[in-house]
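*Asks:* If you want the building blocks of each chain, they are given just below.
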Amino acid sequence: MRYGRYPFIVGFLAAPVAIYVTFVIAPYAQAFYLAMTNWRGVSANPKFIGLQNFERLLQDDIFWKAVRHHGLLLLAVPLITIAIALFFAFMLNVGGGGRRGEMTGVWGSRFYRVVFFFPQVLAVVIVGVIFSRVYAPDDSGLLNGALTAVGLEPVLFMADPDIALWSIVAVLIWQAVGFYVVLFSAGMSSVPKEIYEAATIDGANRTNMFFRVTLPLLWDTLQVAWVYLGIAAFDAFAIVQVLSVDQGGPDGATTVLGMEIYRNAFSYSQFGYASAMGVALFFLTITFAALTLRVSKRETIEL
Amino acid sequence: MTTNSKPIAPAGPAKSTARPTGDGGQPTGDGRRAGRDRRHSAATQKSEVRLLSGLGHIALLVWAILVIAPLLWTFLASFKSNTEIFLGSPFAIPDSFSFASYGRAWSEANVGRYFLNSVFVVTLGTAGTMLFGSMAAYVLSRYRFFGNRAIYYLFVSGLAFPVFLALVPLFLIVNNLGLLNTYTGLILVYIAYSLPFTVFFLAAFFKTLPNSVAEAAMIDGASHTRLFFRIMMPMAKPALVSITIFNIIGQWNQYLLPVALMQGQGADQKWVLTQGIASISTAAGYEADWAALFAALTMSILPMIVVYAFFQRQIQNGLTAGAVK
Chain B
0 MRYGRYPFIV GFLAAPVAIY VTFVIAPYAQ AFYLAMTNWR GVSANPKFIG
50 LQNFERLLQD DIFWKAVRHH GLLLLAVPLI TIAIALFFAF MLNVGGGGRR
100 GEMTGVWGSR FYRVVFFFPQ VLAVVIVGVI FSRVYAPDDS GLLNGALTAV
150 GLEPVLFMAD PDIALWSIVA VLIWQAVGFY VVLFSAGMSS VPKEIYEAAT
200 IDGANRTNMF FRVTLPLLWD TLQVAWVYLG IAAFDAFAIV QVLSVDQGGP
250 DGATTVLGME IYRNAFSYSQ FGYASAMGVA LFFLTITFAA LTLRVSKRET
300 IEL
Chain U
0 MTTNSKPIAP AGPAKSTARP TGDGGQPTGD GRRAGRDRRH SAATQKSEVR
50 LLSGLGHIAL LVWAILVIAP LLWTFLASFK SNTEIFLGSP FAIPDSFSFA
100 SYGRAWSEAN VGRYFLNSVF VVTLGTAGTM LFGSMAAYVL SRYRFFGNRA
150 IYYLFVSGLA FPVFLALVPL FLIVNNLGLL NTYTGLILVY IAYSLPFTVF
200 FLAAFFKTLP NSVAEAAMID GASHTRLFFR IMMPMAKPAL VSITIFNIIG
250 QWNQYLLPVA LMQGQGADQK WVLTQGIASI STAAGYEADW AALFAALTMS
300 ILPMIVVYAF FQRQIQNGLT AGAVK
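Each protein sequence line maps, in turn, to chains B and U.
Mind the numbering: the first sequence is residues 0 to 302 in numbering that gives the first Met the number 0, read in order.
Mind the numbering: the second sequence is residues 0 to 324 in numbering that gives the first Met the number 0, read in order.
Treat each hint with caution, since some may be false.
Here are the in silico distance ranges between beta carbons for each label pair [as the list claims (entries may be wrong)]:
| id | chain 1 | residue 1 | chain 2 | residue 2 | range |
| --- | --- | --- | --- | --- | --- |
| 1 | U | Val305 | B | Asp137 | 28 to 34 Å |
| 2 | U | Ala149 | B | Leu50 | 42 to 48 Å |
| 3 | U | Leu65 | B | Glu196 | 32 to 38 Å |
| 4 | B | Val20 | U | Ser222 | 26 to 32 Å |
Quick caveat, the hints were computed from the structure, so don't treat them as lab data.
No residue lacks a Cβ here, since even glycine has one placed at the ideal position from N, Cα and C.
Bound-form chain B, shown alone (with noise of 0.2 Å):
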């Protein structure tokens, strides 16, 4: 095993290491030096100004409303999408009832996991566009469309402040629901069948399996889901800059860190500016990711 070992080593790591220190090290390492300059592309050299970039930043408007838009996206989404998922993975698992003291899904539940799982293999995009024309304002939206044909008045579904901003919120959840379906199910196959063949025996009714088994013995994958969710919920920018209108609009009332980032860069070169925002998005995403852990944190549940 020792003939040629460090050549062959370096000749395997080599390449993967150039290509990823190059292109993902490099740059998240430049970033936080940009954050402190202000740049905007055409001068040669970016000039050092310390702090300015995050003063600005503190006294910026769009920025507050962007994170508060995070901060709604952040209880929101998870909350719902989890809530919705929890149910149907029980239903997929348990809720057929037990045969023999074996628990069963409801009957087609095979079909409801397939479907459901099929939002998350288009991209975000696509979803977006395809939802832009679902909350078209007029007729040729379907949903407008459908309430119209019932006799009720078009909703403007991104072009109302008061509704933009949920109304993404709902497309999120609709493309979320299926992943954590099928995660929740993984975990739920992983308790053992005994366990709520001994609750049935015990005269547990499903209400009582579901808070009682299921939710304590799942509580890991449900943090996993909860960060996951959380971490999307810092990366709206996709859905947000398809779907909304004005990038972001009406007047800023759907925009997101992601977009201001990519408007302030890319449309205003300002990439010192840009830099400093990416920063503060990455501080919050750290602090959600571990308070996340931190206050979920509880004695795990030997089986």
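Based on the hints, put chain U in the right spot on chain B.
*Replies:* Relative to the frame of chain B, chain U by itself:
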């Protein structure tokens, strides 16, 4: 149904004289009584199951319709004329199934070009990711050398950073290398950003492969490289398949990276599908060829649904594998 929050405990001889409790009698008794009680509780349970699975069924069905309706509507609308889209009821079957809008989308709106661009970039991107990813993962998981852990954590740390943080410098680096608006640049960037998860996932898998086979091959005179390609790669096939599908879907659906790296004059010839359709969608506001937009959408949805139908199990496993770990 009243709740019965008895602790879960096996029915032991000590409880053999216990009477059924008021709310329907739970079997904790001895063999003779147990049969009757079980039948009884089975009956109450059955009605409870029926009610719940009834409600649940409705919810499941409603969600299935919510998922399918927009997709079906897109598909139907792609055959309609503009007047039909605006004046007909949303779920009406088109007057005639005309493929004209597909022709317009494919050639005039360049969807054909975008589609082929996507296929090209994703094929090379995924192939490169799998080759480099498995090489790095293999060496990092099965060889001990100085710096091994450092390199491993360098790769895995990429999982924690939001891509947006890197966006601006990445644009500048790619620009400085003269790779802006080139397939090479985009493919290299796809590979780079797919490496963290690929290395993380495959390293864990390579670790589980048995040593004995590797040793036997070495004794037979196989080189390290040969050992990797002839023995280890075939043994790792299940993991490789899962992660390949994972990467194909991820790179096919990528939007942010191409939008940032394929822009400027003349770049629209090299756009990938997601980018192209997003731009058609914004342009459609003025040109208003909705049928062509729906045709373009259908062309981007159908391949994914077909691939998904075939590899449904692997895709679900692949996409959830990272999370369940």
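*Asks:* State for each hint whether it applies.
*Replies:* Hints, one by one, checked against the model:
no. : hint                            : in the structure
1   : U:Val305 / B:Asp137: 28 to 34 Å : 33 Å, holds
2   : U:Ala149 / B:Leu50: 42 to 48 Å  : 31 Å, violated
3   : U:Leu65 / B:Glu196: 32 to 38 Å  : 35 Å, holds
4   : B:Val20 / U:Ser222: 26 to 32 Å  : 27 Å, holds
Hint 2 from the earlier list is the only one contradicted by this structure; the remaining hints agree with it.
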